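Visitor: Listed here are the chains, written in short residue letters.
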Amino acid sequence: MIRYVISVILIIAGVVIGMGLHHYYPLFIFEDKIDIVGLATLVVTIFLAVYIPIFLERNMHNKRSEKDVIIRKIEGLQSTIRAINYTVAECVQKQTVSSSNNYHLLRLFTTVSNELDTIITLADYSEKDRFKDDFAEIKNFRFQYRKMVTGGDFQKKGFKYSILDKKEEEKIYHRFDKSLCVLIFKVNGL
Amino acid sequence: MDKLIIKIADDYTTIPGVREEIEGDFPGEEFLEKILLPKFKQAIRENKKLIIDLDGTAGYATSFLEAAFGGLAREYMDAKIILNNLEFKSDDDPFLEDDITGYIKEANDK
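Residue numbers (our numbering), protein chains in the order written: chain A, 1 to 190; chain B, 191 to 300.
Warning: the hint list may mix true and false statements.
Using 25 Å as the maximum straight-line C-alpha spacing, the simulated PhoX-like pairs for lysine-lysine come out as follows [as the list claims (entries may be wrong)]:
1) A:LYS171 with A:LYS160
2) B:LYS239 with B:LYS229
3) B:LYS224 with A:LYS157
4) B:LYS295 with A:LYS132
5) A:LYS178 with A:LYS67
6) B:LYS229 with A:LYS139
7) A:LYS186 with A:LYS94
8) A:LYS147 with B:LYS295
9) A:LYS147 with B:LYS231
10) A:LYS147 with B:LYS270
11) B:LYS270 with B:LYS224
12) A:LYS157 with A:LYS63
13) A:LYS147 with B:LYS197
14) A:LYS157 with A:LYS167
15) B:LYS197 with A:LYS156
16) A:LYS157 with A:LYS67
17) A:LYS139 with B:LYS295
18) A:LYS128 with A:LYS147
19) A:LYS63 with A:LYS147
20) A:LYS139 with A:LYS94
21) B:LYS224 with A:LYS156
22) B:LYS229 with B:LYS197
23) A:LYS139 with B:LYS270
These are calculated hints, taken from the structure and not from any lab test.
If you're wondering where the values come from, they're calculated on a predicted model, not measured in any experiment.
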């Protein structure tokens with residue numbers, strides 16, 4: 001409301017100063033005729049002066065903020081799957097899956113699901129259906145990765161990952177991570 | 191349609207385990223035999239939906255879920271009858287239902 005009052009005051013002040021200058025200091029000569037090209041230029045100039053800062057910049061700023069939130073969440077998911085990758089590496093190195101690592105891995109997969117769900121919700125809110133194929137691929141990697149890490153004899157007493165298990169885990173981890181990197185690029189290009 | 195409910199954390203355990211009984215505590219096969227299968231049969235008999243509440247546990251290994259729900263599908267030799275009569279509640283992990291549905295569909299492919 002204050003902005004509108006200030007705008008009106010400024011317009012009135014401009015008109016009064018203009019009339020005053022014209023009356024007391026007639027430095028400028030005004031044409032009685034209106035040039036159509038000049039009028040068009042004036043209209044376009046005013047339109048750009050209002051449209052660019054108010055609508056375009058605001059829209060661009062909002063879009064940038066949305067993208068930043070989604071990208072931050074994707075990076076969060078990448079660090080969670082990295083934590084899974086490190087934990088599996090630790091288990092391979094120690095030749096055992098301790099009870100704490102066991103539940104740590106299960107908790108990390110729950111976190112992966114929740115983080116992915118948040119990213120899908122945010123992306124749908126921002127650009128509905130645009131990333132449908134990407135999310136189908138990422139969901140598939142999440143399913144495969146969970147099955148690889150917590151499937152088989154996982155949680156069986158004395159279970160350990162073999163070198164071949166680790167190799168397979170690395171393969172799925174890198175594919176999963178790559179698909180998330182590609183998603184960041186696509187979100188950034190919106 | 192009336193509903194029957196299994197809340198795994200209350201009715202079985204908060205720390206679901208492995209696939210088979212010889213492998214460790216709270217295995218998927220035991221859950222299937224003692225809780226899931228009898229309740230599912232009751233649901234079919236009484237024409238009720240069976241709701242599986244998956245929340246409140248420490249988390250599920252793939253082997254537990256496959257043994258329990260894949261095992262149920264193998265018992266009936268049909269994924270459709272299982273999926274038509276089961277419903278899932280999983281606020282802790284939003285993709286658990288998708289995973290279980292996958293195990294049920296794949297169960298009779300093996």
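Visitor: So, for every hint listed, does it hold in this structure?
Guide: Consistency of the hints with the structure:
As the CA atoms of LYS171 (chain A) and LYS160 (chain A) are separated by approximately 18 Å, the hinted pair is consistent with the 25 Å bound. Under the criterion of a C-alpha separation no larger than 25 Å, the hint pairing LYS239 (chain B) with LYS229 (chain B) is consistent with the structure, at around 10 Å. Between LYS224 (chain B) and LYS157 (chain A) the CA atoms are separated by roughly 22 Å; this keeps the pair inside 25 Å, and the hint holds. For the given pair, LYS295 (chain B) sits about 23 Å from LYS132 (chain A) by alpha-carbon distance, which is consistent with the 25 Å threshold.
Restraint check for LYS178 (chain A) and LYS67 (chain A): the C-alpha separation of about 19 Å stays at or below 25 Å, so the hint holds. Restraint check for LYS229 (chain B) and LYS139 (chain A): the C-alpha separation of about 31 Å exceeds 25 Å, so the hint is violated. Taking the CA atoms of LYS186 (chain A) and LYS94 (chain A), the gap is near 39 Å; set against the 25 Å cutoff, the hint is violated. Simply put, LYS147 (chain A) and LYS295 (chain B) have alpha-carbon atoms about 15 Å apart, close enough for the 25 Å limit, and the pair holds.
Between LYS147 (chain A) and LYS231 (chain B), the direct Cα distance comes to roughly 28 Å. Violation of the 25 Å bound is thereby established for this hinted pair. Under the criterion of a C-alpha separation no larger than 25 Å, the hint pairing LYS147 (chain A) with LYS270 (chain B) is consistent with the structure, at around 23 Å. Proposed proximity of LYS270 (chain B) and LYS224 (chain B) is supported: the alpha carbons are some 22 Å apart, at most 25 Å. For the proposed pair LYS157 (chain A) and LYS63 (chain A), the alpha carbon gap of about 51 Å is over 25 Å, so the pair is violated.
Of the pairs offered as hints, the one joining LYS147 (chain A) and LYS197 (chain B) holds, with about 23 Å between alpha carbons and a cut-off of 25 Å not exceeded. With a C-alpha separation of about 22 Å, the suggested pair LYS157 (chain A) and LYS167 (chain A) falls inside the 25 Å cut-off, and the hint holds. In summary, the hint linking LYS197 (chain B) to LYS156 (chain A) is supported, as the alpha carbons are separated by about 24 Å, within the 25 Å threshold. Simply put, LYS157 (chain A) and LYS67 (chain A) have alpha-carbon atoms about 45 Å apart, too far for the 25 Å limit, and the pair is violated.
A threshold of 25 Å between alpha carbons decides the hint, and for LYS139 (chain A) with LYS295 (chain B) the separation of about 17 Å falls inside it, so the pair holds. Proposed proximity of LYS128 (chain A) and LYS147 (chain A) is contradicted: the alpha carbons are some 29 Å apart, above 25 Å. As the CA atoms of LYS63 (chain A) and LYS147 (chain A) are separated by approximately 36 Å, the hinted pair breaks the 25 Å bound. Distance hint between LYS139 (chain A) and LYS94 (chain A) is unfulfilled; the C-alpha atoms sit about 30 Å from each other, more than 25 Å.
For the hint pairing LYS224 (chain B) with LYS156 (chain A), the CA-to-CA distance comes to about 20 Å; that is within 25 Å, so the pair holds. Distance check on the hinted pair: LYS229 (chain B) and LYS197 (chain B) sit about 12 Å apart at the alpha-carbon level, within 25 Å; holds. Using a Cα cut-off of 25 Å, the hinted pair LYS139 (chain A) and LYS270 (chain B) holds, with the two alpha carbons roughly 23 Å apart.
The structure fails to meet hints 6, 7, 9, 12, 16, 18, 19 and 20 from the earlier list, while all remaining hints are met.
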